[in-house]
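Colleague: Throw the hints in and build the complete structure from the sequences for me.
Number of protein chains: 2
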Amino acid sequence: MTRARFTPLIASLPSTVPFVGPETLQRDRGADFVARLGANESAFGPSPRAVEAMREADAEIWKYGDSSSHDLRHALAQKYGCPADCVIVGEGIDGLLGNLVRLTVATGDAVVTSEGAYPTFNYHVAGCGGTLHKVPYRDDHEDLAGLLRMAADCNAKLVYFANPDNPMGSWHSGASIAAALEDLPEGALLVLDEAYLEFAPAGTEVPLPLDDPRIIRLRTFSKAYGLAGARVGYALAHPDLIAAFDKVRNHFGMNRSAQIAALAALRDEEWLAKVQGKVKAARNRVGEIARENGLLPLPSATNFVAVDCRRDGEFARALLSALLEQGVFLRMPAPPPLDRCIRISCGLPAELDALAGALPKALRHVTR
Amino acid sequence: MTRARFTPLIASLPSTVPFVGPETLQRDRGADFVARLGANESAFGPSPRAVEAMREADAEIWKYGDSSSHDLRHALAQKYGCPADCVIVGEGIDGLLGNLVRLTVATGDAVVTSEGAYPTFNYHVAGCGGTLHKVPYRDDHEDLAGLLRMAADCNAKLVYFANPDNPMGSWHSGASIAAALEDLPEGALLVLDEAYLEFAPAGTEVPLPLDDPRIIRLRTFSKAYGLAGARVGYALAHPDLIAAFDKVRNHFGMNRSAQIAALAALRDEEWLAKVQGKVKAARNRVGEIARENGLLPLPSATNFVAVDCRRDGEFARALLSALLEQGVFLRMPAPPPLDRCIRISCGLPAELDALAGALPKALRHVTR
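Protein chains in written order, with full-length UniProt numbering: chain A, 1 to 368; chain B, 1 to 368.
To be clear, the hints were calculated from the coordinates, so they are not data collected in a lab. Among the hints, erroneous ones may be present.
Same chains, same names: a pair is fine if it fits in one copy or spans any two.
To be verified - In silico EDC-like pairs for lysine to aspartate or glutamate, Cα to Cα no more than 20 Å straight-line:
no. : residue 1 : residue 2
1   : K79       : E186
2   : K79       : D211
3   : K79       : D212
4   : K274      : E60
5   : K278      : E60
6   : K134      : D85
7   : K278      : E186
8   : K280      : D32
9   : K361      : D268
10  : K278      : D268
11  : K79       : E182
12  : K361      : D308
13  : K274      : E23
14  : K278      : D71
Modeller: Structure below.
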């Protein structure tokens, strides 16, 4: 027994992992994946200029990174035409969500999210003793009106809302979100997770000033920019909220080369456009593969496709296992009715070929 | 005004920065440093094999890192001959300290440290509402007996103790620490920060099992291994304590290339030995420079030297400013009587030459 006396909150919590990582699954399996299509990473990779910048920076990895991520933060501010004090850079959206929850949620505080939405947010809320109130999806979309009603009912401090959504890939127009925000209760903050925004159609971005006091927007270099392993996310919000991160964040937590890589990636808009094109093509191909196998691909504004297997969750989970046995790594939503779907990331053509080969076998296996 | 409703604790805290980073100082100055000797980084750099491994890994930076840092954790366990569940890898010692404090410290809980010890630990304690009780240094050493007495008096949950110490560079024998631990109060955990252990003489490591329930040891790749910008630290402790980190940590927070670099660095013992030799030589050279200028270098078991300027804190702070104006970046302890010292990192020969050139001028300037 350790001598550490945990806080009552900590003592009440399980040691947990919001996601089992792909490497863990590979070790358990004893073999690498043929198709890594479960983590919504960008197999198309980051801008070659970002990789080059990172490799160059590696020579100076003995230096701590800039604790204010000054250059990256200012480049983001320039891109968005906002003051730099509306921007904070952190260790991925996960790290920023953790900080945000710590800033606002104490034991017993109410937080609203959707049933089946991002588990890592829920993990952070639990870690601060918050009480989660969950609203079901509505036609495979997050139900913003429902979330806001729930927020009013439970006096929520935070309302988590992803647009586009993970794990369903659905989206709302930015204009409809801006309009709905009129109903955001006075003491609630909308936590707008825009990890997949770069894959969404025009009009998905919320047309409100970045310093609108009602929202914090979370974005990342992990998806469209292909830098998931670098751990670079950022938040855009009112300067009062951004400044508060300095109360809890790990000030020297940002990897030095990662900051430099993200800056180079941000500047290579041509590469971003290429990736967006490849993701679109891969989305279509995933859709074809699904349909060829009698499954129903849902519309997606992300770098993955939720595929409706037209059966129950037990069936979809069995299908996922059968695919994993063939080296195809996918994930799927947890709660019904979303769990009738499997979630397929937009991988490389060869990976999608592997999926196309494995899926019929897996379906035969689970329908036997 | 943001809509975010901060917790009462957060509302009571200042937005702060435990350290102003070197890049910030350079920007304020409008010029780069001639000698970067203030952050105890390793200008000798990491193992070339670590840089090579990192650069190779950069090509796969689109993948999330292994959330369990499996390979690195197991290599560390092998090195120390302990089970892997005694080891956790995190985003530098800073990140691990933040997690540890969250696990144990709630509002009003008592924590003990030395007056003038690591500010980032204090920052994390404040961030969780803990009450810091500070014990003065004793002859420029942390006063372990005094810390343990204070811990008993105030019912401390954590006792922070660095060995070797930062900012003074002093150290205790591991055997004396092990003996003193007999007086550690029942409900207290010793937080043993060993960031500089690789620079210390034989016998500095505490000769107790790594799973001793009374200690958690924190080590890093930022100092001797030259990977400060990569953000890789680790903790060694009883499995019960290690497992608890999974309640609060950012599971996918580790940079993928950094994990791989740290593993390669760990395996290059030859490079480590070279760095240790260079640090020793640089320590001697810093000592010479100090003595040539009528200052008194204190004995050091780290990669820096605390130099007693033989005057008061005002003098030392003025000297630091005068050196900064010449492009020589140093730091110094904050409270008296430690603030009679300036702290000089073991830099490259050219940097120490720059220091040797700048110091007489700076001394003339401040004694004028």
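Colleague: Does each hint hold? Answer for all of them.
Modeller: Hint check results:
1. K79 to E186: For K79 and E186, neither the intra-copy (30 Å) nor the inter-copy (55 Å) Cα distance is at most 20 Å.
2. K79 to D211: within (15 Å within a copy, 50 Å between copies)
3. K79 to D212: Within one copy, since 17 Å is at most 20 Å while 52 Å is not.
4. K274 to E60: between (30 Å within a copy, 18 Å between copies)
5. K278 to E60: Close across copies (18 Å), not inside one copy (34 Å); limit 20 Å.
6. K134 to D85: neither (32 Å within a copy, 35 Å between copies)
7. K278 to E186: neither (42 Å within a copy, 60 Å between copies)
8. K280 to D32: neither (26 Å within a copy, 45 Å between copies)
9. K361 to D268: Neither: 41 Å inside a copy, 46 Å across copies.
10. K278 to D268: Result: close within a single copy only, 16 Å intra versus 41 Å inter.
11. K79 to E182: neither (27 Å within a copy, 59 Å between copies)
12. K361 to D308: Only inside one copy: K361 and D308 sit 18 Å apart there, 75 Å across copies, limit 20 Å.
13. K274 to E23: Classified as neither: same-chain Cα gap 28 Å, cross-chain 34 Å, threshold 20 Å.
14. K278 to D71: Neither, since 29 Å and 33 Å both go past 20 Å.
Checked against the numbered hints listed earlier, the structure breaks hints 1, 6, 7, 8, 9, 11, 13 and 14; every other hint is satisfied.
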